[in-house]
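Keeping their order, the protein sequence lines are chains A and B. Start counting the first sequence at 1; every next residue gets the next number (our numbering). Start counting the second sequence at 114; every next residue gets the next number (our numbering).
Treat each hint with caution, since some may be false.
What follows is a list of derived Cβ distance ranges for each label pair [unchecked claim]:
| no. | chain 1 | residue 1 | chain 2 | residue 2 | range |
| --- | --- | --- | --- | --- | --- |
| 1 | A | Ser-60 | B | Glu-172 | 25 to 31 Å |
| 2 | A | Ser-60 | B | Ser-118 | 18 to 24 Å |
| 3 | A | Lys-69 | B | Thr-227 | 45 to 51 Å |
| 4 | A | Pro-113 | B | Gly-166 | 32 to 38 Å |
| 5 | B | Lys-168 | A | Lys-105 | 25 to 31 Å |
| 6 | B | Ser-167 | A | Leu-112 | 32 to 38 Å |
Calculated from the structure, these hints are not laboratory results. Backbone N, C-alpha and C fix where the C-beta goes; we use that ideal spot for every residue, glycine too.
Listed here are the chains, written in short residue letters.
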Amino acid sequence: AQSVAQPEDQVNVAEGNPLTVKCTYSVSGNPYLFWYVQYPNRGLQFLLKYITGDNLVKGSYGFEAEFNKSQTSFHLKKPSALVSDSALYFCAVRDPRDDKIIFGKGTRLHILP
Amino acid sequence: GAVVSQHPSWVICKSGTSVKIECRSLDFQATTMFWYRQFPKQSLMLMATSNEGSKATYEQGVEKDKFLINHASLTLSTLTVTSAHPEDSSFYICSLAGGPLEQYFGPGTRLTVT
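Just chain A, with the same shape it has in the complex (with noise of 0.2 Å):
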């Protein structure tokens, strides 16, 4: 079965630092990962996907991540954090037999200015 973990229910970083949100997976087969953020009240907004090519997956807002399949991490990295980055962060994984997407249980990232 997929599967993704988040090991870490809250990260904190201030503004200006790296940040790295943590996400390794389980799966059969080629992976499809992606991460997706939320803010409070609103519905999942899109960040970037990983299906196959470069290792280095660059999306919205700065972010990107980096796909590892020795240690089958997809871990979301920004160079630079903002106050305005701190939200609800979700890695997924899709299958790509039935198209359902499986969730983490989530990251809150807090970045203290």
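On the provided structure of chain A, position chain B as indicated by the hints.
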């Protein structure tokens, strides 16, 4: 990307009543839509897959008689919470598969059952 709307965005109902939530694809014909629920400070849990013109497929543990899903057209899927109870209070989010490896999410509907 496809635009997905949900109506209502927020609903309060009394225990025992039924509530219908609509999910519309505004610019894309979706044969498949998904319904998720999200409890406060928790992740999204897939409830069911809604297939246009056929019965929905429910995830394990989701009561199909309580959460009625109808996908009558390529642009509309509805989720009806029947005989709602306070424990059904949650954030319900729909999404649609917009082609290979694309999925678009609605803004969500917050249901509060009193």
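Outcome of range test on Cβ distance (Ser-167(B), Leu-112(A); 32 to 38 Å):
50 Å, violated
With respect to the beta-carbon atoms only, verify the hint that Lys-69(A) and Thr-227(B) lie 45 to 51 Å apart.
49 Å, holds
Given the hint of 25 to 31 Å, check if Lys-168(B) and Lys-105(A) actually sit that far apart at their C-beta atoms.
Between Lys-168(B) and Lys-105(A), where Cβ atoms are some 30 Å apart, the hint holds.
Consistency of beta-carbon spacing, Ser-118(B) to Ser-60(A), with hint 18 to 24 Å:
21 Å, holds
Can the suggested window of 25 to 31 Å be confirmed for the beta-carbon pair Ser-60(A) and Glu-172(B)?
29 Å, holds
If I claimed the Cβ atoms of Pro-113(A) and Gly-166(B) lie 32 to 38 Å apart, would that claim hold in this structure?
Violated, since Pro-113(A) and Gly-166(B) (Cβ atoms, about 52 Å apart) do not stay within the stated range.
In this structure, the hints that do not hold are numbers 4, 6, in rising order.
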